[in-house]
Amino acid sequence: MSLLIYNSLSGEKEEFVPVHPGRVGMYVCGPTVYGPCHIGHARSVVVFDVIARYLRIKGYDVKYVRNFTDVDDKIINRAAETGLSAAEVAEKYIAEFYRDMDALFVQRATVEPRATEHISDIIRVIQLLVDKGVAYESGGDVFFSVDRFPEYGKLSGRRLEEMDAGARIEVDKRKKNPFDFVLWKAEKPGEPSWDSPWGRGRPGWHIECSAMSTHYLGETFDIHGGGRDLLFPHHENEIAQSEAAFGRQFVRYWVHNGFVRIDKEKMSKSLNNFKTVKEILDSYDPEAVRLFLLSKHYRSPVDFSQASMDQSNDSGDGSDLWDRFCQAMDDDFNTARGIAVLFEAAREINRALDSGTNEDRCKAMEARETMVRIGSVLGLFNVSAREHLERQKDAVARETHIDSAKIDSMVAQRAAARKARDFATADRIRDQLAGLGVVLEDLPDGTTIWKFTGKG
RNA sequence: GGCGGCAUAGCCAAGUGGUAAGGCAUCGGUCUGCAAAACCGACAUUCUCCGGUUCAAAUCCGGAUGCCGCCUCCA
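Going from the first sequence to the numbering used here is simple: count from 1 and add 61.
Read the hints as simulated data drawn from the structure, not as lab findings.
Given the structure is predicted, the values throughout are model-derived calculations rather than measurements.
Note that the Cβ used here is the ideal one computed from N, Cα and C, for glycine as well.
Zero decoy hints are in this set.
Using 30 Å as the maximum straight-line C-alpha spacing, the simulated DSSO-like pairs for lysine-lysine come out as follows:
id: 1; residue 1: 236; residue 2: 135
id: 2; residue 1: 339; residue 2: 512
id: 3; residue 1: 119; residue 2: 357
id: 4; residue 1: 153; residue 2: 124
Computed beta-carbon distance windows for the label pairs:
id: 5; residue 1: 221; residue 2: 512; range: 58 to 64 Å
id: 6; residue 1: 401; residue 2: 322; range: 21 to 27 Å
id: 7; residue 1: 145; residue 2: 505; range: 54 to 60 Å
id: 8; residue 1: 464; residue 2: 290; range: 43 to 49 Å
id: 9; residue 1: 138; residue 2: 397; range: 37 to 43 Å
id: 10; residue 1: 423; residue 2: 372; range: 32 to 38 Å
id: 11; residue 1: 248; residue 2: 331; range: 25 to 31 Å
id: 12; residue 1: 330; residue 2: 480; range: 55 to 61 Å
id: 13; residue 1: 330; residue 2: 237; range: 27 to 33 Å
id: 14; residue 1: 401; residue 2: 493; range: 34 to 40 Å
All chains, please: the whole structure from these sequences, using the hints.
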């Protein structure tokens, strides 16, 4: 069974063939750490987490590199605003990133490098470009010359002539072409800086990804990912730099995830309409958030709303199911179709358990194994159903200030009434509980569990 | 101005030539003291609209309308 991946470079689904058989090198652009993570970051991170997990379960030896951009204008500005150093700002938001992504059960990448740890690699690539005459220095800044890279625009599908340069920002007069971009920025007072052949300064944004990805994965590697918004100019520039410097194809498969939208509009820090991961996790179960993020194909936009999240919050022969899951995932990582298989597995388990014959019990075991396996790819079922229920109770109780001990005692009173066959009293208590948004479930063994419905 | 994407039931969402997955909601049934959960069944003759290609189209082509994105930092 071959794996198809949509390649932004060709605009088509292509059969996945790694550079080295059995091994996959994958680089995904991580966050610039100047503020809290929003649900858009989470989508990208979760999507590529699932892709890495799936490639591994298919048997590939995956080297997954995800960077942190820890030196940048925005970090420096943030430092100036808060009185912290740039390094302290970066450190703070890297810690928040881990807190949020760990909560979402995101696995760590193989390598998680930071730009500031690779200054010498960055300088080496810039030097190569200067030596080849593809980059030029001007007043301590170094620019990449897009005119020296004829294939510029091949990823984003635009030609330099078609683009409306300077429509929204003023063009730096020192640039030979308005689309030339900065590789190295000359030092300004109070900013972090490093020595370089062009004087003290710091790297531009795009160059760090070329330097770090090739450092860990080689000059040609398999998969490079990130949000759609990075396609231009960031990834276009990465291709230009890397291919100009090393003289060979940079990346085989470019993978871009779609946006999270709010009210049909892109969510972004600049539009200031973002929801942070932290605030969402205050109200919703982490696995529900994952399920929500994976409920649509990764390339399509997904609309965040209270209603759509509420919906995800309510959810809950074996090898055949696994094959069908793989078919979905082999088709450009179609998690939405994969989730359908998951629901079918759940139904199969329940059906087999209901019928209760030994043969069916075996089937249920098989289906359960498949379900756990699918869950391990999607990063679901990290906590038991029982623990899940307890967490949900705690969260709702905290939010609504309902005392769960009191509910427990009401449930016990009802149990006593039922035992005495005083169903009128039992039902009255149940109605009272319903008024508090509590629903009861009497189990066959005579015990009763309860949960909040969310509808008071 | 240039480039690109999307439009599928009340809602969410798969489906790139062969006759509409899955979930939520709703309505019946089994089970239950009654419920809940679970299971069984019902739920788009039709895929924004108009043309075209084809034996056959939600799927391909042309056009219209609507929504969104990129061309500036952004996952």
